[in-house]
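Undergrad: Can you build the whole structure from these sequences, using the hints too?
Here is what each chain is made of, one letter per residue.
Protein chains: 4
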Amino acid sequence: MTHDASDRCLSKQLRGIIPPMVTPLLDRDTLDIAGLERLVEHILAGGVHGLFLLGTTGEGPSLSYRLRRELIERVCRQVDGRVPVLVGITDTSFVESVRLADHAADAGADALVLSTPYYHPIDAGSLLGYVERITEELPRPVVLYSIPSHTKAAFDRPTLARAMELPNVIGLKDSSADLIHFHHVLRLARQRSQWSVLMGPEELLAESVLLGGDGGVCGGANLYPRLYVDLFHAAEAGDLTTARQLHQCVLQVAGTLYAIDSRPGSVIKGLKCALACLGICRDTMAEPFESFAEAERNTVRRHLDEIARLMSINARTSETAR
Amino acid sequence: MTHDASDRCLSKQLRGIIPPMVTPLLDRDTLDIAGLERLVEHILAGGVHGLFLLGTTGEGPSLSYRLRRELIERVCRQVDGRVPVLVGITDTSFVESVRLADHAADAGADALVLSTPYYHPIDAGSLLGYVERITEELPRPVVLYSIPSHTKAAFDRPTLARAMELPNVIGLKDSSADLIHFHHVLRLARQRSQWSVLMGPEELLAESVLLGGDGGVCGGANLYPRLYVDLFHAAEAGDLTTARQLHQCVLQVAGTLYAIDSRPGSVIKGLKCALACLGICRDTMAEPFESFAEAERNTVRRHLDEIARLMSINARTSETAR
Amino acid sequence: MTHDASDRCLSKQLRGIIPPMVTPLLDRDTLDIAGLERLVEHILAGGVHGLFLLGTTGEGPSLSYRLRRELIERVCRQVDGRVPVLVGITDTSFVESVRLADHAADAGADALVLSTPYYHPIDAGSLLGYVERITEELPRPVVLYSIPSHTKAAFDRPTLARAMELPNVIGLKDSSADLIHFHHVLRLARQRSQWSVLMGPEELLAESVLLGGDGGVCGGANLYPRLYVDLFHAAEAGDLTTARQLHQCVLQVAGTLYAIDSRPGSVIKGLKCALACLGICRDTMAEPFESFAEAERNTVRRHLDEIARLMSINARTSETAR
Amino acid sequence: MTHDASDRCLSKQLRGIIPPMVTPLLDRDTLDIAGLERLVEHILAGGVHGLFLLGTTGEGPSLSYRLRRELIERVCRQVDGRVPVLVGITDTSFVESVRLADHAADAGADALVLSTPYYHPIDAGSLLGYVERITEELPRPVVLYSIPSHTKAAFDRPTLARAMELPNVIGLKDSSADLIHFHHVLRLARQRSQWSVLMGPEELLAESVLLGGDGGVCGGANLYPRLYVDLFHAAEAGDLTTARQLHQCVLQVAGTLYAIDSRPGSVIKGLKCALACLGICRDTMAEPFESFAEAERNTVRRHLDEIARLMSINARTSETAR
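Residue numbers (the numbering used here), protein chains in the order written: chain L, 1 to 322; chain C, 1 to 322; chain A, 1 to 322; chain X, 1 to 322.
Read the hints as simulated data drawn from the structure, not as lab findings.
Note that the Cβ used here is the ideal one computed from N, Cα and C, for glycine as well.
Heads up, a few of these hints could be off.
Cβ-to-Cβ under 10 Å is the rule here; a few derived chain X residues that face chain C [what the hints assert, rightly or not]:
hint, residue
1, 201
2, 211
3, 233
TA: Right under this line is the structure:
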């Protein structure tokens, strides 16, 4: 299989809001196809700058390879170039990562997202070697993905400095929630103008963009894509008043919908449950997680009402301000 | 596909030494077939009580599914019932775990080894639900596998107490290195006579068997199967003098071959390099690790000489003692 | 001993830059008195809003109680009301914390800074009980101090929500570097107008103030007090351009002077060494740390030159901009 | 103050059971003197080989220095040379450690127990320098104490290898619960015949002594000193049957009395509550912990009955076996 990386690649730097799409399911190995189609349109209608499949929020590693391939094909076909599609290929197996990447390229994906091989603990030297070897074999540009809470390994600064020189690596999605690290990486990246540094946790989107970051991979943009897009634009434009206001909305979303319980998986459960309440897609979780029961679903509904109220107050305030 | 679990199952409780076999490779997706055949015979010649494929030492999660299936088939055919073959099916995807388990059962494997789905962090409640659901679908008896250094999650006591009641779960391989936990779990298990509790780290084999454990999954038994089998029998028989002596040999192996450097992967690299020095199989590592260079290989050679000397002193001492 | 908390208390909410002063030493139990006097004047000349003694940067827990008392007395006398003086009383012993607090109050300190008792691990319930009991006995208003990297325990949101209702607790210094937590705590605090939320790590000062925080306890303000004061004012005023520029200076300080090596204590060693290079005070470290040797000191000198150059460029740029 | 270390020092290697005594209190700064006297006699009557004051179980770091000094004086006077008295002097302040050590030596203590200065994180190099400098100034032989769950730092093997050469350091109390580390350290120590390696967690006493360790610092020996002394002697003598039986009793104690709840401090609370139930001393906890309420106390009583029953069965069985 040969790839011509140039015939369909990212024409410019990744910037803006690139939601990590949840994966709508009917059961553990069946896509909720109607829900998926509604979800993609719902997200794109919010003005997002890209779409990221099979990340952590997308429960990528929990899905069968068959289902992952089906998802990639369907979404690439539906999006059809309206925004760049990024596909998560993180795997413990080098060979399976490359295989999935080849499939994604054939389906029309624009870029790949790669975290560390996450079963064995790994040191910085081995990680760099791995990144150098695998990116050489990947058919599309690669965004590195740091999420040590899940992979046990972060990309440190020397590794990233080296990665910035690799021809096929175009940026970093930093889900470490370590802002000190983020700021130092951003300083490094600004010496290489085309390198994107994207924020993972949406609670940190405002500040990361205010201080020079390139955007965010915000889970909440599955639900409220416009909120995150507006916050990005306000922060980018230096409109502090709006940025502060929308930042409070984001905190409201994260402090309620993502905190229904304090168990792992609650962010994704909260997102899927809220999407189900809004009639967009099913809330079936991939193993090993279980969907919320009726009691939690009622709490989610109540939170959705409060968020709607807060967002409409903001909208009216900002109308008045004009 | 239907399975008759009774037509080929473990006729008695797992006990003894069940080496986690390293996976001999020619390159990242090709088995070293001649090396594999020599390795299997080398291990079986040591009198081991079973063989465990595709565990951590076997770099299971780093291999392609195709290669994993090939390995299972070849080894099951070669072992041909001489000892039980256990196959690691740990995966982040429920569906892929079951698929690999079905393949293993068809190839003639006797039991399956299952750790936690290790990408997402997981709480005890979700883990128990997962174990209940997946073991119902698995075609062979299951040994649970606790290795929180790699999976970020241990099986706690309430989860294990419940798992002991599941018809398809026959034991635990505990690689937590937490002996306090091990002792408490062993107390629980002794209330269910057929439930095996096996030790992971070989440095803890002596004490675990002296105090009632059922054996060990010792990486070093790839290299010196007889040493670990002898230690097991001595500890089981309450022969403290021999057990102490052989425990010192095990510490010598672990304190030298596994400590060539302090980077993750050094245990497996040390084992594979030593096997290559002895002419048994190639030392090619699966990604993301790299094999030792010539300098480290020379150190391994020197350590092998010292170990041989120590073991022959022990052998002579124990001759004299008879 | 009785205290009249009202006769000398903080007349208004804590806001701004409150440097955690390093403790100049001649040897492990002797103050560098001349250096201390120069350091206090150097810091106050930068326009800071308070002075915090015996924190982590001040190596408080490493010093004898006699020396701590001497330091408190000398600094309170020298400052003489020009800015509020805060004194760290964190201790593993409740009784010793109260004793030091009483001494500080008698010496004229304005507020106390209290982290968790840090030897035994502690759960949230026990921590809250402790805070309730000890703050009742303390003679001055208390700022809580969260620094889990050192104390193994953070103040969680429910504990802080309760602490905000205690009459004697006036704020939080958050050195967790967990911005998500910080934002949620700040939301809570804004419902109680007088409660201060101060940032610990100076790399996060810009964003915390841009998004509503009350200031910072910045170690670098021992060296460049004016830089941090200017950054605080710019961020508070919403002057993004200046804030971004000064934020880069702060990153330059932290990325060079604090990173001479990667061992614990390097931040304090870097600060003390730089102060010594500038002729302000001695760089003797309290046990268990040792001062930098000549090689590291030369590196520090080189970094000081680069920082001076960067800061003068900024100054000229901002002149031009006016 | 001068010390003649030779006039009252440990005449031989530390071996056996050296209970870490709980500190009986009437309130947060007052000793329960009558309870203390009963407790000391209760423990000594069990045939222990030493007594360790002001350790973790003794809530040492939680007590005022005045109370610590009073405790040392009273216990040294009461013990009066019947067994060696060891005193914990671990502190974040070098100067306070030395001061307490001098006081202990003057009061007649035989040895000192020193962990790492535990506020600041510390690297191995700084820790070794600290140990070298402080042990030179200490007036009695020193046992190092590794308890990373509380101090965040373990003594690694190179540090211990060097410490074994220091004239004033006579052994290690290892509360890391890391048996692999323990075994390797024991191998090192056996090359220096007088160096003691003592086990912290009592659940690991049996195996540590069976495999060559020198004894244990068992919290449960406050309550059942004879049980731990008998287990030590059985394991030392290679009497596996008795060792296994008594090991089960120890697990019963730890699995019930120490697990009343899962909060930090539950081991000490369980011990003190049980001692109070038996009429030996008060169960007042030092801050920040609170004593058990009536409900937990009733559970403790029930567990004490079960333990008594199990121990009497064992006693009868072992009678019969003779």
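Undergrad: Hints first: check each against the structure and report whether it holds.
TA: For each hint, the structure was consulted:
| no. | hint | result |
| --- | --- | --- |
| 1 | 201 | holds, 6 Å |
| 2 | 211 | holds, 6 Å |
| 3 | 233 | violated, 15 Å |
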